[in-house]
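Turn these sequences into a full structure, and let the hints guide you.
Number of protein chains: 2
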Amino acid sequence: MNGIHEKYINECFRLAKLGAGAVSPNPLVGAVIVKNGKIISSGYHERYGSLHAEANAIKNANENLEEAILYCNLEPCSHTDKQTPPCAPLIIKSGIKKVIISNLDPNPKVSGNGIRMLREAGIEVITGTVEKEGAELNKFFFKYITQKIPYVTIKIAQTIDGKIALNNSETSITGAESKRFVHSLRAKYDAVLIGANTVKIDDPKLNVREVEGRNPIRIILSKHLSFPADSYIIKTSKDQKTWIYTTDETHINSRFLDNSNEFDSGYNSLNKTIFYPKNLTIIKGKTDIPSILNNLAKEKITSILVEGGSNVFSQFIDSEMYDELILLIAPKILGDGLSSFISNKIQRLKLISSDWLGEDIKLVYRKF
Amino acid sequence: MNGIHEKYINECFRLAKLGAGAVSPNPLVGAVIVKNGKIISSGYHERYGSLHAEANAIKNANENLEEAILYCNLEPCSHTDKQTPPCAPLIIKSGIKKVIISNLDPNPKVSGNGIRMLREAGIEVITGTVEKEGAELNKFFFKYITQKIPYVTIKIAQTIDGKIALNNSETSITGAESKRFVHSLRAKYDAVLIGANTVKIDDPKLNVREVEGRNPIRIILSKHLSFPADSYIIKTSKDQKTWIYTTDETHINSRFLDNSNEFDSGYNSLNKTIFYPKNLTIIKGKTDIPSILNNLAKEKITSILVEGGSNVFSQFIDSEMYDELILLIAPKILGDGLSSFISNKIQRLKLISSDWLGEDIKLVYRKF
Numbered sequence: 074m075n076g077i078h079e080k081y082i083n084e085c086f087r088l089a090k091l092g093a094g095a096v097s098p099n100p101l102v103g104a105v106i107v108k109n110g111k112i113i114s115s116g117y118h119e120r121y122g123s124l125h126a127e128a129n130a131i132k133n134a135n136e137n138l139e140e141a142i143l144y145c146n147l148e149p150c151s152h153t154d155k156q157t158p159p160c161a162p163l164i165i166k167s168g169i170k171k172v173i174i175s176n177l178d179p180n181p182k183v184s185g186n187g188i189r190m191l192r193e194a195g196i197e198v199i200t201g202t203v204e205k206e207g208a209e210l211n212k213f214f215f216k217y218i219t220q221k222i223p224y225v226t227i228k229i230a231q232t233i234d235g236k237i238a239l240n241n242s243e244t245s246i247t248g249a250e251s252k253r254f255v256h257s258l259r260a261k262y263d264a265v266l267i268g269a270n271t272v273k274i275d276d277p278k279l280n281v282r283e284v285e286g287r288n289p290i291r292i293i294l295s296k297h298l299s300f301p302a303d304s305y306i307i308k309t310s311k312d313q314k315t316w317i318y319t320t321d322e323t324h325i326n327s328r329f330l331d332n333s334n335e336f337d338s339g340y341n342s343l344n345k346t347i348f349y350p351k352n353l354t355i356i357k358g359k360t361d362i363p364s365i366l367n368n369l370a371k372e373k374i375t376s377i378l379v380e381g382g383s384n385v386f387s388q389f390i391d392s393e394m395y396d397e398l399i400l401l402i403a404p405k406i407l408g409d410g411l412s413s414f415i416s417n418k419i420q421r422l423k424l425i426s427s428d429w430l431g432e433d434i435k436l437v438y439r440k441f
Numbered sequence: 074m075n076g077i078h079e080k081y082i083n084e085c086f087r088l089a090k091l092g093a094g095a096v097s098p099n100p101l102v103g104a105v106i107v108k109n110g111k112i113i114s115s116g117y118h119e120r121y122g123s124l125h126a127e128a129n130a131i132k133n134a135n136e137n138l139e140e141a142i143l144y145c146n147l148e149p150c151s152h153t154d155k156q157t158p159p160c161a162p163l164i165i166k167s168g169i170k171k172v173i174i175s176n177l178d179p180n181p182k183v184s185g186n187g188i189r190m191l192r193e194a195g196i197e198v199i200t201g202t203v204e205k206e207g208a209e210l211n212k213f214f215f216k217y218i219t220q221k222i223p224y225v226t227i228k229i230a231q232t233i234d235g236k237i238a239l240n241n242s243e244t245s246i247t248g249a250e251s252k253r254f255v256h257s258l259r260a261k262y263d264a265v266l267i268g269a270n271t272v273k274i275d276d277p278k279l280n281v282r283e284v285e286g287r288n289p290i291r292i293i294l295s296k297h298l299s300f301p302a303d304s305y306i307i308k309t310s311k312d313q314k315t316w317i318y319t320t321d322e323t324h325i326n327s328r329f330l331d332n333s334n335e336f337d338s339g340y341n342s343l344n345k346t347i348f349y350p351k352n353l354t355i356i357k358g359k360t361d362i363p364s365i366l367n368n369l370a371k372e373k374i375t376s377i378l379v380e381g382g383s384n385v386f387s388q389f390i391d392s393e394m395y396d397e398l399i400l401l402i403a404p405k406i407l408g409d410g411l412s413s414f415i416s417n418k419i420q421r422l423k424l425i426s427s428d429w430l431g432e433d434i435k436l437v438y439r440k441f
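Residue numbers (my numbering), protein chains in the order written: chain A, 74 to 441; chain B, 74 to 441.
Hints were generated in silico from the structure; no laboratory data involved.
There is no bait here: all hints are sound.
No distinction is drawn between identical chains; accordingly, a pair holds when it is met within one copy or between any pair of copies.
In the DSBU-like style, the derived pairs of lysine-lysine whose C-alpha atoms are separated by at most 35 Å in a straight line are: (1) LYS278 with LYS423; (2) LYS205 with LYS111; (3) LYS359 with LYS273; (4) LYS373 with LYS221; (5) LYS357 with LYS440; (6) LYS371 with LYS440.
On a predicted model such as this, the values are computed, not experimentally measured, just so you know.
This is how it looks when you write it as structure tokens:
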């Protein structure tokens, strides 16, 4: 019997993943309704603000749901302080007799409430089915809800000798498959984060081009707003949300706060007049990693992908403010060049997976 | 039909490997004799100086070999300037009607001679079966014969951040499975090589303990014989061949050349009298990598495993005098510590394999 439950919960996972990149800060949830040993309806949470998975599955059903079983990878919600009606009352009303779920709601304040409501209505509830995979699927959401900071993944594309670039020049380290993989990550993470040096040296796009998917928010850490004003990121911030964390209040006022036109003219150190898109967001305040992560969580960012460079990698690693480290190692020795990061601490990690991406290898580590 | 040939050649490979560590500077060779679709005899080259694989297979046969097929992973020898009689005449005499081999003899001077002799005697010969795997099996021998220097593998046990040790202290980087793997390598390579610093800091044993197998020759590069005279390696050189390459002629004479007793008293910089085993071999001359490799080949060393430390790794990598680079990466960040190597050159490599060794990952690279 457990094999059957697992099969349907895995189908919930598959459906849930279809919402990746669209539902944040909500979790990824899929639901299937089974009657007489057959799936008669299914649904998933498609995007933030739209119906929950359970509500979609119930809505999509063309049959009477009495005697039916609902599978859902996350505990149905019972609280009403949100955009859509709670799912537990909907399930009760539908006539469903049994509910199988993978994970409880990770929010300790509401965890178990949805299940209690169902049980009090006489519905049989089984929890913990394929629980570990369920938590893995929603690692962003679980971290965000329980620790109130985003899930942080550091992605480093480096050579065998741990170099991310030749000194002060843009260098393509990894191959096409690795690039596609990075773009698929970007489509899933709420935001990508880089430092000012990377803007200066690489002038990256940080969008999603190589795969289907939506662009992430771009975050730049720049104490002194020290990158060129005509950087690609700045020029395209009208079309892709871009947030800059800075301590440089003088420059903020002269550069970014006059939003009266579509483009704002502003300061530049070479005395040229440059224009900034009006909807670039400047966040002033502390630029230490914990402060930034706290602020990002307040902005409902559940996950960030840290993409460089060396200084930023070092800060995140040395402060141990990360969950996952993805190394993409190209089969090259670079020799002279910029080391990927410098840490001053001994840290124990755990190798989670290893996969070939063309000629590169991808190693995924988590904190131990 | 080709599938059948491959099956028997693979059996030759399996047999050939049983001689690993024992036949050098000869190649690894296995042979099977098939009659009426059944293996009726087999053999392999068991150790240097003993019978060749083909001779063993013929000797082991209890049946008339007329109409039989001989499978053998390397071209049978035809030359007589060696310890055992040549195989081609033996095969001709046995009555075998057909010979299937994987690789020709890589020595351009004799390559094809064995086959010609067989064909001239009316035996059908098919060559090139599973040829690539055959060359891989005998990568040491092929390199040694064709380039007249040993096959060089650099083995680096490092952390994620490319550190091989804390500064100037012995550090255990990788886990038990990686250690066993390194011992299995030592049992297959003719020699292991390290620098004087590694002797000083780690005082390693460089023997085979974790697996069954014979000890390799230990080679120390030490321009100035600057390691402690009571190092484990020196103390045990009576029992495990140990060669020191040095340019320091003054010290050689005072320390090592009086071999009149089992132990020799000798110089030490702290004015203590220390004793050296008489059969430690000191090789004086140039200590640059090409000179040492040339000299090792003259001493019939077909393969060396370079085990450290940072200076030695850097010399081999920077001079591109290596064939294979094995990285054993422990799931740790070490922070301050000694980098595994420093190279000043851009080099392209090829990832050959990746395997988990407990919590570590093993990445095998070859020169591109």
